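Spelled out, the chains give:
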Amino acid sequence: MLSEAAVPLLLTLKVAGWATLLALVAGVAFAFLLARMRFPGREVLDAMLTLPMVMPPTVLGYYLLVLLGKRGPIGAFLQENFGINLIFTWQGAVIAAALVAFPLVYKAARAAFEDVDANFERAGRSLGFSEVKVFFRITLPLAWHGILAGTMLAFARALGEFGATLMVAGSLPGRTQTLSIAIYEAVQAGDDDAANRLVIIVSVLCIFVLVVAGRVLQGSYRRAFRY
Amino acid sequence: MQLELHIIKDLRASGRHFRLDVDLLADTESVVIYGPSGAGKSLTLQCLAGFVAPDAGRISLDGATLFDATHRINVPARDRGIGYVFQDYALFPHLTVAGNIGVALQKGWLRRLDEVARARVEDMLRLFELQDLRDNYPSQLSGGQRQRTALARSLATQPRLLLLDEPFSALDPALRERMRQEFVELRQRFNLPMVMITHDPADLETLAQELVVIDDGRVARRETAPFKVEVPQGTSTLRVIPGGARAA
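Residue numbers (our numbering), protein chains in the order written: chain A, 1 to 227; chain B, 228 to 475.
These are computed hints drawn from the structure, not numbers from a lab. Treat the hints loosely; a few may be bogus.
To spell it out: a stretch of chain A is covered by chain B in this simulated footprint if at least three of its residues, at any positions, have a beta carbon under 8 angstroms from a beta carbon of chain B; those stretches are [to be verified]:
hint, region
1, 112-122
2, 137-146
Computed list of lysine to any residue pairs in SDA-like fashion (alpha-carbon distance at most 25 angstroms, straight line) [stated by the list, open to error]:
hint, chain 1, residue 1, chain 2, residue 2
3, A, 133, B, 300
4, A, 133, B, 278
5, A, 133, B, 315
6, A, 133, B, 273
7, B, 334, A, 120
8, B, 334, A, 140
9, A, 133, B, 337
10, A, 133, B, 387
11, B, 334, A, 135
Some, not all, of what chain A presents toward chain B, calculated at C-beta under 8 angstroms [claimed, not checked]:
hint, residue
12, 125
13, 126
14, 127
15, 128
16, 129
Treat the numbers as computed from the prediction; the structure is a model and nothing was measured. Note that the Cβ used here is the ideal one computed from N, Cα and C, for glycine as well.
Model the full assembly from the supplied sequences, consistent with the hints where possible.
This is the structure in structure tokens:
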């Protein structure tokens with residue numbers, strides 16, 4: 001009984017973990033770029049990066065299928081050069097979940113970077129810091145609380161991802177069937193006991209993540225350092 | 228100090244246009260730039276520090292070119308060797324007093340402080356009477372302590388010029404006078420040239436060997452010490468009277 005839930009649970013944690021990591025790296029990079037650079041089309045880019053938050057997951061899944069499928073530009077490239085196929089794999093599920101979770105990291109990180117007083121960075125430069133040192137020694141530590149809170153939300157979102165994941169990775173038990181997809185399958189099959197167990201696991205997991213995120217969210221650097 | 232400053236910078240914000248056009252040759256060790264807020268003092272200092280690039284002009288310090296628009300030279304702030312003390316001090320809130328002073332001296336990913344650097348941090352802590360506060364964070368310090376930490380942080384990197392943006396304005400009036408005296412002693416001890424901006428006439432006689440009055444983006448007046456200043460009651464205009472006691 002427990003092992004029957006353990007397989008999709010572990011898979012879900014693996015997919016959500018990798019997806020969150022991807023979303024974190026990409027989200028922080030884009031957030032820093034848009035918070036600090038001025039270039040034409042900046043706000044259009046911002047809208048594009050936020051789009052996954054408001055678009056139906058099935059639409060995102062469809063886009064991914066078009067791009068990553070055997071005949072898609074990225075899919076064909078990966079297949080020909082590296083023999084990699086992402087469709088109907090757990091790695092494909094990671095890409096889908098990362099795309100859906102990305103705006104949560106990006107939005108939080110951009111707000112956090114914009115909240116860092118430019119004079120702290122200037123002070124670093126006048127002390128002889130390289131731009132890399134300014135980022136890792138000043139900007140990132142001061143923005144870290146906000147980024148972490150966004151990352152927790154992204155993880156919670158990735159845990160519950162359904163639509164895009166189903167379209168890209170399908171529902172292969174033990175391989176791409178995450179918790180939320182397993183719940184759907186259980187309900188479709190009329191297996192209420194299994195559905196109940198899985199629903200409770202997901203609910204507890206999400207509440208846990210949100211409580212931790214709330215704790216982190218309280219401490220922007222201004223409050224954390226009473227500045 | 229030989230400071231040559233010729234900068235033009237246009238700013239446009241919400242339909243308003245401001246032009247900074249400052250021409251200045253300074254050869255004393257203590258230049259004080261005075262003017263009302265919005266006159267372009269801060270912008271001048273930021274151009275000198277390398278935070279803001281002028282649209283045109285030239286900046287050189289002791290013969291070394293820091294900025295030259297026609298030759299496309301713009302030495303980045305980190306390579307100018309110019310210390311900057313911010314109006315609100317901009318102490319790094321996530322670092323302790325000792326951390327703020329030492330952070331510029333740390334090397335590599337391991338954030339190592341070598342013997343020389345560690346000794347210099349200790350010197351600074353002692354000199355500015357911050358030993359007991361070394362593990363405190365900026366939010367736990369008083370205004371005077373913050374200012375001493377900011378000065379110690381700048382001087383730890385041994386700059387060749389120190390810029391100060393209204394360094395006493397964040398302090399209450401009683402403390403202000405004491406810090407001014409401390410600062411005069413400090414400057415003599417380090418023998419460090421400085422450029423300071425202020426809108427407080429009280430800073431001028433004590434601190435300025437050379438007074439530069441900026442108004443509406445231009446140098447309105449220059450005076451070398453000794454001089455006296457007064458602000459007639461009911462006006463905001465500064466009257467500078469040559470002669471009198473020499474400033475330190």
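Checked hints:
1. 112-122: holds (count 4)
2. 137-146: Holds, because 4 residues of the region 137-146 of chain A bring their Cβ atoms closer than 8 angstroms to Cβ atoms of chain B.
3. 133(A) <-> 300(B): Between residue 133(A) and residue 300(B) the Cα gap is close to 23 angstroms, so the pair holds against 25 angstroms.
4. 133(A) <-> 278(B): holds (16 angstroms)
5. 133(A) <-> 315(B): holds (22 angstroms)
6. 133(A) <-> 273(B): Given that 25 angstroms is the threshold and the Cα spacing comes to 21 angstroms, the pair holds.
7. 334(B) <-> 120(A): With a Cα-Cα distance of about 19 angstroms, the restraint between residue 334(B) and residue 120(A) holds, given a limit of 25 angstroms.
8. 334(B) <-> 140(A): holds (18 angstroms)
9. 133(A) <-> 337(B): Between residue 133(A) and residue 337(B) the Cα gap is close to 12 angstroms, so the pair holds against 25 angstroms.
10. 133(A) <-> 387(B): holds (22 angstroms)
11. 334(B) <-> 135(A): holds (15 angstroms)
12. 125: holds (4 angstroms)
13. 126: holds (4 angstroms)
14. 127: holds (4 angstroms)
15. 128: holds (5 angstroms)
16. 129: Cβ of residue 129(A) sits 6 angstroms from chain B, so the hint holds.
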